[in-house]
Amino acid sequence: MPSNPSMAAAIVGAAESDKIGYIEEGTTDQILHIQAISNVCAQVGIRPSEIEGIFSVGYSTNIAEYLGLHPKYIDTTGVGGCSFQMHVHHALAAINAGIIDIAVVSHGESGYSGGRKNRGRGRNRGAGGGDPWQPSAMFDGPYGTSGPPSYYSHAYSRYLHQYGARQEDFAQIAVTTRDWAGLNPRAVMHSKETNPYGGKITVDDVMNSRVISWPLKLLDCCLVTDHGGAVIVASAERARSFKTKPVWIAGAGENMSHQNMLEMGDFTRTSAPESSATAYKMAGMGPGEMEMAMIYDSFTVTAGITAEMLGLTKRGEGPSLWEGGKAGPGGSGIPVNTNGGGLSFSHSGMYGMMLLIEAYRQLSGTAEDGVNGLPGKQTSAKTAIVNGTGGLLSVTGTLVLASDD
Amino acid sequence: MAYNKPIPDPDPYTTQPFWDGAKAGKLMLPRCTNCNQAHFYPRMICPHCYSRQIEWFEASGEGWIHTFAVQHRAFGGWADDVPFVTAYIDLKEGDRMFTVLRGVDATKPESIKIGAAVKIEFEEASETVSIPFWRVV
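Going down the list, the protein sequences come from chains G and W.
Quick note, the first sequence lines up with residues 1 to 405 if you use this note's numbering.
Quick note, the second sequence lines up with residues 406 to 542 if you use this note's numbering.
Worth double-checking, as some hints may not be accurate.
Below, a sample of chain G positions facing chain W; criterion: calculated Cβ distance under 10 Å [to be verified]: (1) Leu67; (2) Ser146; (3) Asn208; (4) Met261.
Result set (EDC-like, lysine to aspartate or glutamate): computed pairs, CA atoms no more than 20 Å apart in a straight line [said to hold, decoys possible]: (5) Lys243/G / Asp405/G; (6) Lys497/W / Glu263/G; (7) Lys497/W / Asp405/G.
Just so you know, these hints were derived from the structure itself, not from any lab.
Think of the CB as a built atom: it goes at the ideal place given N, C-alpha and C, for glycine as much as any other residue.
Using the sequences and the accompanying hints, generate a full structural model.
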């Protein structure tokens, strides 16, 4: 008989690669993966050889070979930045089914270094790439788009039209997120010391930043960095045997609306209402019980729309979650994206792992331990909603996490 | 001047009538003979009722702007054209197409109206391929 997998497993550790951000000497995906796994195993107090299941975006066999592992469960789900929420969902299911007890979810992406190595090789960028007979190559490829911002802007534009929203409302999301980065010494945009463009910003700064794809401006867009991260997911029984604290997977869900933006029926909506409904139901909790939120912010518009998709605001009022900085440090609302987000902390191309790590660190109360020199405790939240958005607002993965007591 | 932007490589299995139509200056769309609904992009199976009985018909070439963006960064041949406007077009016959929108001022996005009527036109990109574009009427 199938059983509700809620709380059948917990995240018991979360760590990053030795270095993150703009790694000037260069790095590789492999280095970032392995450093993160090494760090998280040390944190939890296990040997990598105890890992029974490996979950990554297409990299699981590389990781296993490198570490000499022979995992019983191999998952390579790669559906964009939300893949990591799904990896946790899948690990939960595998653990609940009794197939494995200990899983690693791993991320390594040299978004900055890799981009530099490949500079000049992208002559045909914008032509769609890959199989020329794919719909995206034939029916998007001819029209000059150039990566995610050039598509997401169409959703932003439609949202402004449909709800009469103002660009300034979305700009506030970037401002509040930068305020959190100011408390995170590892955030790329922490301060003028960490980056010439770092430090506090204003709504005017966002509004006056260079237009990338109207209405998206530079400061509406995430960073492109190098980043590795890993979390260990363990069965309920094992989760209590480690030196770290468990953060329980109370609920998990995933869904999708489209692959090509051509098939995005409603440009103001993602599949997060569906993925979060599954997660809330599994958890037996609702949006009103979420004490913090980690919301994928590839762009301000991604976070703004997602807030309402998760039921944290009314429809058409997503950016109000950040209004007047209330989702920021010392704000009157729930804390959102306490690490500084993809906008100002670090975003290697796929950001879902960073959502997981920050949610674990805040809920486990271990944030102040300074794992890898990461920022301190920003909230005493005991529950969190974590939502990844992947592709072109295409795919979503939602987790409801809860700590003991 | 030769067309210097990406030219699609038509797939002969599911889209040939579309490209043949474009070459002749017509918008050809696939339609299911079972449920009578048109769809785009072209498929070998109806996305509405899963019938595999698909026919092609000449559409009106009329539609409306569903949403748009102004591209200030582009690569290849498009880099010379920034800023330019891209848009998703609601087709009169249903479903949607993507395009570079013509007849609009990319430097004044507030002057571009979602819902505005548009009409299709075709540009010869090579001896075999003409590319559809939409223009505000």
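May I ask you to test the interface hint for Leu67/G with respect to chain W, counting a Cβ-Cβ separation under 10 Å as satisfied? 38 Å, violated
Quick check on the hint: Ser146/G CB to chain W CB, less than 10 Å? Interface hint status for Ser146/G: holds (5 Å vs cutoff 10 Å).
Taking 20 Å as the top limit, are the C-alpha atoms of Lys243/G and Asp405/G close enough? 17 Å, holds
Given the hinted pair Lys497/W and Glu263/G, is their alpha-carbon gap at most 20 Å? The given pair, whose Cα atoms are some 16 Å apart, holds under the 20 Å limit.
Holds or violated: is the Cβ of Asn208/G closer than 10 Å to a Cβ in chain W? Constraint on Asn208/G not satisfied, violated at 14 Å.
Regarding the pair Lys497/W and Asp405/G, is the alpha-carbon distance no greater than 20 Å? Between Lys497/W and Asp405/G the Cα gap is close to 57 Å, so the pair fails against 20 Å, i.e. violated.
Does Met261/G pass the interface check with chain W, least Cβ-Cβ distance below 10 Å? 8 Å, holds
Comparing the model with each numbered hint stated earlier shows that hints 1, 3 and 7 do not hold.
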